[in-house]
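Let the hints inform the model, and build the full structure from the sequences given.
Residue numbers (our numbering), protein chains in the order written: chain U, 1 to 295; chain D, 1001 to 1165.
Simulated from the structure, these hints should not be mistaken for lab results. For clarity, every value in this text was computed on a predicted model and none was experimentally measured. Possibly wrong hints are sitting among the right ones.
Now the stretches of chain D that chain U is said to cover, found in silico as 3 or more residues with beta-carbon under 8 Å [said to hold, decoys possible]:
#1 1006 to 1012
#2 1020 to 1028
#3 1051 to 1057
#4 1071 to 1082
#5 1131 to 1141
Glycine residues also receive a C-beta, built at the ideal position from the N, C-alpha and C atoms.
Next come the chains, spelled out residue by residue.
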Amino acid sequence: MRAIQYAAPSTVEDAVAILAEHGSDARMLAGGTDLIVQVREDARDTGVFVDAKQIPELMELSVNADGSTTLGAAVPCYRLYNDAQFTASYPAVVDAARIIGSTGIQGRASVGGNLCNSGPAGDTIPPLIVHSAVCNIAGPDGARTVAVEDFCTAPGRNVLADGELLVSLTLPKPPAGSGSHYLRFIPRNEMDIAVVGAGASLELDGDSITAARVSLGAVAPTPLFVQAAGDALIGLTADEDSFAVAADIARDAASPIDDMRGTIAHRKQLSYVLTQRALRGARARAQGGSPTNGH
Amino acid sequence: MATEIQSGKVHVQTTINGESVDFLAEPRESLLEVLRDNLGLTGAKEGCNNGNCGACNVVMDGVLVNSCCVLSVEAAGASIETIEGVASPEGLHPLQQSFLENAALQCGVCTPGFIVAAKALLEENPNPTEYEVRWWLAGNLCRCTGYDKIVRAVLDAAERMRAEA
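Here you go:
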């Protein structure tokens, strides 16, 4: 790896000061499972690594007075599936945390890092979108918030300006009678990048859908919030006919590319099938059960 | 006080297998490079050097990690457990014994990673199913055995360790 500088600030203010001084040459280091490998393999030229893990706000995982949850940007995946309350509240996020890389990766890799890496196939991003998560960003000009669906702007790019960092994510309290699920298609059983990923959340009143959100990964330059698919479900019964309506919209919204992992036609069809399955899993959880597909 | 930005050779104090250790390393060096090249702990292996293969697995502050994806300077103040700390003066760890008896290795390059990872599994879950063993070890690649003997060795060790507990 090229020579680098390293800093481990203990406050957000110090981190912002270092990031602001070094501009695009500096980058936050959370779990390093993307950043260290990218710099080692010359896929990214970062000269100043700013360690996130000594900053309490970036390592926080806590429930707020209003029932929402604050997820620090550098909290590693394993802490999520070892947290019963988080798992019960945000199961789609935990579905993703369990399937990113291996056990050893999940010991370091974070949801915030996955989001800031801003890959179109980032597994945690559709789950954050269906849970209406919001990014809490700090920078030289103060703090601001951005909805997760508006965070990524292109493959590997996002709204963070020089000097800014993602401090945490706020996940609203899930309503009673709601559930969520995320799953992906890969040609192996584990340790792979999504050909397509799909997340869904449902809020039910009996069998009737009162709110729904659908999001797809790896079918566009950024993870996709398919708002029309969720909106179309409101007022409908949570059954196969309704899910097919949403899945049709999701397939139409997908604009994938052909690459080594899959063709456009395959990814379009997967968008349909995985949306159906994500909705079935979300329904099962909203009704107190668990998905029968995926892991 | 503004945070110090470290470069060049950095003095790092850490704990490895229960012993206090000091080393000098550049921030660009990985924990794996320091273990092998600076400290002579060559049990952890460099397989892929990008987080795919698990041959460099160590436990850092109680959590299984790939030491190739940890910067040397991140070890400051941490507690690191490597394959060198698995056996005791009394003899091999039950996992090591079980790997031998079940012929769970051929060339042996992946074995330290498998044993460190399996030990972390059994400390968290002393009675895993075969599925749970395979899932936990999905990040450890072996090109010799076909995995089956490794999985059987881990299940066998788990049974022995439960019997001894």
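Hints versus structure:
| no. | hint | verdict |
| --- | --- | --- |
| 1 | 1006 to 1012 | holds (count 3) |
| 2 | 1020 to 1028 | holds (count 3) |
| 3 | 1051 to 1057 | holds (count 4) |
| 4 | 1071 to 1082 | holds (count 4) |
| 5 | 1131 to 1141 | holds (count 6) |
Going through the hint list in order, the structure satisfies each hint without exception.
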